[in-house]
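Trainee: Listed below, chain by chain, are the residues.
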Amino acid sequence: MSSAVAKPEPIEWFAQFGVDAMVTRRVLAEAARNGADDADVYFEHSTSTTVSLQDRKVNRAHLSVDLGVGIRVVVGDQVGYAYTEDLSIESMLEAARVASQIAKGGGGHAPVNTTRVKVRDFYPTNSPWSDMELKARIPMVRRWEERAFQHDKRIDKVQTSLSDVDKHVLVVTLDGHMAADYRPMTRAFVSVAAIDGKLRESGSYNVASRRGIDFYDDAVQDRLVDQACLRAIQALHAGMPPAGEMPVVMAAGSSGILLHEAIGHGMEADFNRKGISIYADKLNKSIAPKDVTIVDDATLPGARGSLNVDDEACETERTVLVDKGVLRTYLHDKISARHYGVKSTGSGRRESFRHPVLPRMRTTYMEPGPHAPEDIIKSVKYGLYCDTFQNGQVQIGAGDFAFYVRSGFLIEDGKLTRPVKDVNLIGNGPQVLESIEMVGNDLVIDEGGWTCGKDGQSVPVGQGMPTVKVAKLSVGGGAK
Amino acid sequence: MNSPAELLEIAKYVERRARELGADEVAAGVSRSVQTTLVRRDGKIEQASEATSRGLVFSVLVDGKYSSHSTSDLRPAAIESFLKQGVDATRFLEEDRDHALADGKLCGRGATEEALDQYDPAYAKRTADERARDVEALEVEVRRLEPPGVLSVATHVGDGVTDVARAMSNGFADTARDAWFVAGAEITLKDGERRPEASAFYASRYLSDLPSTAAVAEDAVARAKERIGSGPVESGTYTLVLANRAASRLLGMLAAPLSGAALHQNRSCLQGKLGEKIGSDVFTLIDDPFAPRGLGSRAWDGDGLVAKAFPVVKDGVLENYYIGTYYSRKLNVAVTTGGRSNWVVPPGKVPWETVVKGTPRAIYVDGFLGGNSNPVTGDFSFGIRGLLYENGVPTRSLSEMNVSGNVLEVFHKLVACGTDVWPFSGVQSPTLVFDGIQFSGT
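As you go down the protein sequences, you meet chains A and B in turn. 0 is the number of the first residue of the first sequence in numbering that gives the first Met the number 0; add one for each residue after it. 0 is the number of the first residue of the second sequence in numbering that gives the first Met the number 0; add one for each residue after it.
Derived by calculation from the structure, the hints in this document are not laboratory data. Keep in mind the model is a prediction, meaning the values are calculated, not measured. Quick reminder that beta carbons are idealized off the backbone N, C-alpha and C, glycines included. There may be inaccurate statements among the hints.
[To be verified] In silico BS3-like cross-links for lysine-lysine, where the CA-CA straight-line distance does not exceed 25 angstroms:
1) A:Lys134 x B:Lys83
2) A:Lys166 x B:Lys83
3) A:Lys289 x A:Lys377
4) A:Lys197 x B:Lys329
5) A:Lys152 x A:Lys197
6) B:Lys43 x A:Lys103
7) A:Lys453 x A:Lys166
8) A:Lys377 x A:Lys471
9) B:Lys329 x A:Lys56
10) B:Lys348 x B:Lys313
11) B:Lys276 x A:Lys103
12) B:Lys412 x A:Lys152
13) A:Lys197 x B:Lys272
14) B:Lys356 x B:Lys412
15) A:Lys284 x B:Lys124
16) B:Lys412 x A:Lys156
17) A:Lys380 x A:Lys471
18) A:Lys323 x A:Lys342
19) B:Lys189 x A:Lys281
20) B:Lys272 x A:Lys156
21) B:Lys276 x A:Lys197
22) B:Lys83 x A:Lys56
23) B:Lys189 x A:Lys453
24) B:Lys43 x A:Lys453
[Claimed, not checked] Where chain B lies over chain A, by a calculated footprint (3+ residues, C-beta under 8 angstroms):
25) 68-80
26) 396-407
27) 420-426
The whole structure should be built from the sequences, with the hints applied where relevant.
Mentor: Below you can see the structure in the form of structure tokens.
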């Protein structure tokens, strides 16, 4: 990665909207007027651009600006929250008064002097996306289209798009911490339709990163297009697998969706402090074979899920959730850290200033194990191999989870045979973790633009996985 | 910036100013919403939030080139700068004159505000004390019903109001206001190693249309009790009884392949099916923007076109696609509308319980877990939760199972519509009964 140039300090960034230390101090004092164990103000300003190609024309663009402040008051584990898009002092004070209503009669709490939280830079960039002219994006989406049509004569329609966001945030807390961050994000998307006689299918691929334009080297751009086309062509002749329980081999990469759904959400500490996660009483207990080590990491350079600092001014980290099969920690925000008497893992995140903080995942992955991927496939007499995924969901308390497999293969006598597609897999998180039989030595962090939803909030995340064999999952296929 | 009239003035200003800056056609929308939510968990308020939100969206056609834009920064200088940026950026794109606005003569109201009845005057009188009282009463009622092995109870109340103003350079200008109310409860139970959760949520335009506190609590507790001892049964073909509140998931699979975008991009399994049977004789689906107090009701659509009710599927025959202004030009077909309003499945004449009374094995699905559908092929696969019914009697709770099939086949297997239309959603359907559906379990 090339060296970064100096970026505007976000406290200076928000000065253009009239925000300074006196303003934040007044707003925090108003928020804590009835008493508070904690309070914070979270300023956010983002500008985004999307350029899209369809029907061989770069014929759509979307520019967006989002500006506002969220004000949170915490009393024990109770939260009062309000936000405003109007950064006048009157509007912010009114929002602070609304948030303060969660606390009643506790007495005022004056904010202390603020100290700047030092943050590392996990996503240095050469220049902000907003400095790039819209017209500079156009040759990129055009190039992807041309490559797609050249890929295979069965490619019939092509859609491409390039999106990028420059986000500046500033968090100031009642207990005197101030953190600022500049968070770039980009995502490229190619979707194709393929026709072969009467068969029709589609395929798509996307790449995402917290980097600047330098992210898009030739290899990334070529892979973006080629993978979309390959997926569509493979899907033309794929079918549903037979329904029922069977061994499942998860390919390296986006199979991390298994971790995200089967364990990741259950590790978020808010569910555990409320006693509603199936992992609520499993700390320091063995929940998986010893080959299984699971990490949630905010520090991967340029990764979509990475964060220099979380949304309540806490330092971020690489958090080992499961160490050699033993559950070691949950993902904490400040509320749960206080509840458990531990340090925050820097997992407090929010979709935007319109939302209060929740403990969330960043990039979740399993460390590599001892097995060669080909040996894992060879070990299966009859089962399913899954390599691309679309979406997932979990029931936190029951532990049941599901994820949708967009493509894969049947495994017969240790070999990949018939291509399959469009099947939902369902299982129980703790049971599936216990039934991981082999872990590959080929960890891949997926490069796609994954987004996680929780309590109506969406945040960017990443996931990764080595090839893994699960003894059995319920496969929602067709009749045998 | 409070009243709808003030919002409309801003929208008109943006429409006029964008044209002054060089746009040939402009559509501008300004919205303002207020929402309040209160969550109570295990005896105390867990979260109280209140917000007033506002935003501006506009799209422009400049020399036959199109772009759309949105901002929440409504300072006058910021709007001016953003308008200029949006118009200027559009010039770099390629021409696509199909993005032109609809003929102004086709735009306007399809119903009066009174007929749509989207705003409950009770909203303005709602107080913080009433919300606190209601959310507490709901928790008290849930706990009075003593759900077995209860670990946690969370209750929710919320309400809000949204004002929208729209002004377009084809002459269309109008405002709309709606209010909404929600109430619900989530319960987590201890069931061996598992902690199954269940919830019951209701939404309506009028506060008085929400079920009583007792009814919401009873529903949540009943759904929680159903989760105890759940597990899969053997894979196979079963009768599917799709609960009214869950029907939107299967019906929703039709939305993408019905769209003009999917048809134009060769990504629809319903391409070329207009006028053909895509379901059984008992399958009728109506797009009804005029349902009084409907959660999807409207007087005009996203293009400003006069709202119209029309059948999507009638007696199993596909009658209409969703074609907005842009794709009507691309496909050279008549406009219907670009996006759905209320989806209504008319009720049958016999309760579903009567229909399945003699069925040896049926699976009642009242919720989904994950899954998706492929709009190009119609294949679908969803995780489910529900109950096994044997000869009309529930015999065990189900989880860790999938239901799979194809959109082009599944609605042919619809054998009956129940009488119990679910009114608390933009999809108003009764419970639906399908024969011969593939489930995977053990």
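Trainee: Each hint should be assessed against the structure and marked as holding or not.
Mentor: Quick rundown of the hints versus the structure:
Between Lys134 (chain A) and Lys83 (chain B) the alpha-carbon distance is near 16 angstroms, which keeps this suggested pair within the 25 angstroms criterion. Only pairs whose Cα atoms come within 25 angstroms are accepted, and Lys166 (chain A) paired with Lys83 (chain B) is accepted, the gap being roughly 21 angstroms. The suggested pairing of Lys289 (chain A) with Lys377 (chain A) holds, with an alpha-carbon distance near 22 angstroms, which does not exceed 25 angstroms. A C-alpha spacing of about 23 angstroms is found between Lys197 (chain A) and Lys329 (chain B), which places the hinted pair at or below 25 angstroms, so the restraint holds.
With a CA separation close to 15 angstroms, the supplied pair Lys152 (chain A) and Lys197 (chain A) stays within the 25 angstroms bound. Between Lys43 (chain B) and Lys103 (chain A), the direct Cα distance comes to roughly 13 angstroms. Compliance with the 25 angstroms bound is thereby established for this hinted pair. At roughly 21 angstroms between alpha-carbon atoms, Lys453 (chain A) and Lys166 (chain A) fall within 25 angstroms of each other, so this suggested pair holds. Taken as a hint, the Lys377 (chain A) and Lys471 (chain A) pair is honoured in the structure, with Cα atoms around 16 angstroms apart against an allowance of 25 angstroms.
At roughly 13 angstroms between alpha-carbon atoms, Lys329 (chain B) and Lys56 (chain A) fall within 25 angstroms of each other, so this suggested pair holds. Note on Lys348 (chain B) and Lys313 (chain B): the hinted pairing holds, with a Cα-Cα distance of about 17 angstroms set against a maximum of 25 angstroms. The suggested pairing of Lys276 (chain B) with Lys103 (chain A) is violated, with an alpha-carbon distance near 63 angstroms, which exceeds 25 angstroms. Of the supplied pair hints, the one linking Lys412 (chain B) and Lys152 (chain A) is violated, its CA atoms being roughly 37 angstroms apart against a limit of 25 angstroms.
Distance hint between Lys197 (chain A) and Lys272 (chain B) is fulfilled; the C-alpha atoms sit about 15 angstroms from each other, no more than 25 angstroms. A distance of roughly 18 angstroms separates the Cα atoms of Lys356 (chain B) and Lys412 (chain B); the hinted pair therefore holds under the 25 angstroms criterion. In summary, the hint linking Lys284 (chain A) to Lys124 (chain B) is not supported, as the alpha carbons are separated by about 53 angstroms, beyond the 25 angstroms threshold. Distance hint between Lys412 (chain B) and Lys156 (chain A) is unfulfilled; the C-alpha atoms sit about 33 angstroms from each other, more than 25 angstroms.
Our distance criterion of 25 angstroms between C-alpha atoms is met by Lys380 (chain A) and Lys471 (chain A), whose separation comes to about 13 angstroms. For the proposed pair Lys323 (chain A) and Lys342 (chain A), the alpha carbon gap of about 22 angstroms is at most 25 angstroms, so the pair holds. Proximity of Lys189 (chain B) to Lys281 (chain A) is assessed by CA-CA distance (about 15 angstroms); at most 25 angstroms being required, the pair is judged to hold. For the hint pairing Lys272 (chain B) with Lys156 (chain A), the CA-to-CA distance comes to about 21 angstroms; that is within 25 angstroms, so the pair holds.
Note on Lys276 (chain B) and Lys197 (chain A): the hinted pairing holds, with a Cα-Cα distance of about 20 angstroms set against a maximum of 25 angstroms. Taking the CA atoms of Lys83 (chain B) and Lys56 (chain A), the gap is about 23 angstroms. The hint holds against a cut of 25 angstroms. Only pairs whose Cα atoms come within 25 angstroms are accepted, and Lys189 (chain B) paired with Lys453 (chain A) is accepted, the gap being roughly 23 angstroms. Between the alpha carbons of Lys43 (chain B) and Lys453 (chain A) the distance comes to roughly 22 angstroms, so the proposed pair stays at or under 25 angstroms and holds.
Given a C-beta distance limit of less than 8 angstroms, the hint that chain B covers the region 68-80 of chain A holds, as 5 residues qualify and 3 suffice. Proximity of the region 396-407 of chain A to chain B, defined as three or more residues with a beta carbon under 8 angstroms from a beta carbon of that chain, is established by the 8 residues found. Coverage of the region 420-426 of chain A by chain B holds in this model, with 7 residues showing a Cβ closer than 8 angstroms to a Cβ of that chain against a need of three.
Against the hints set out earlier in the document, violations occur for numbers 11, 12, 15, 16.
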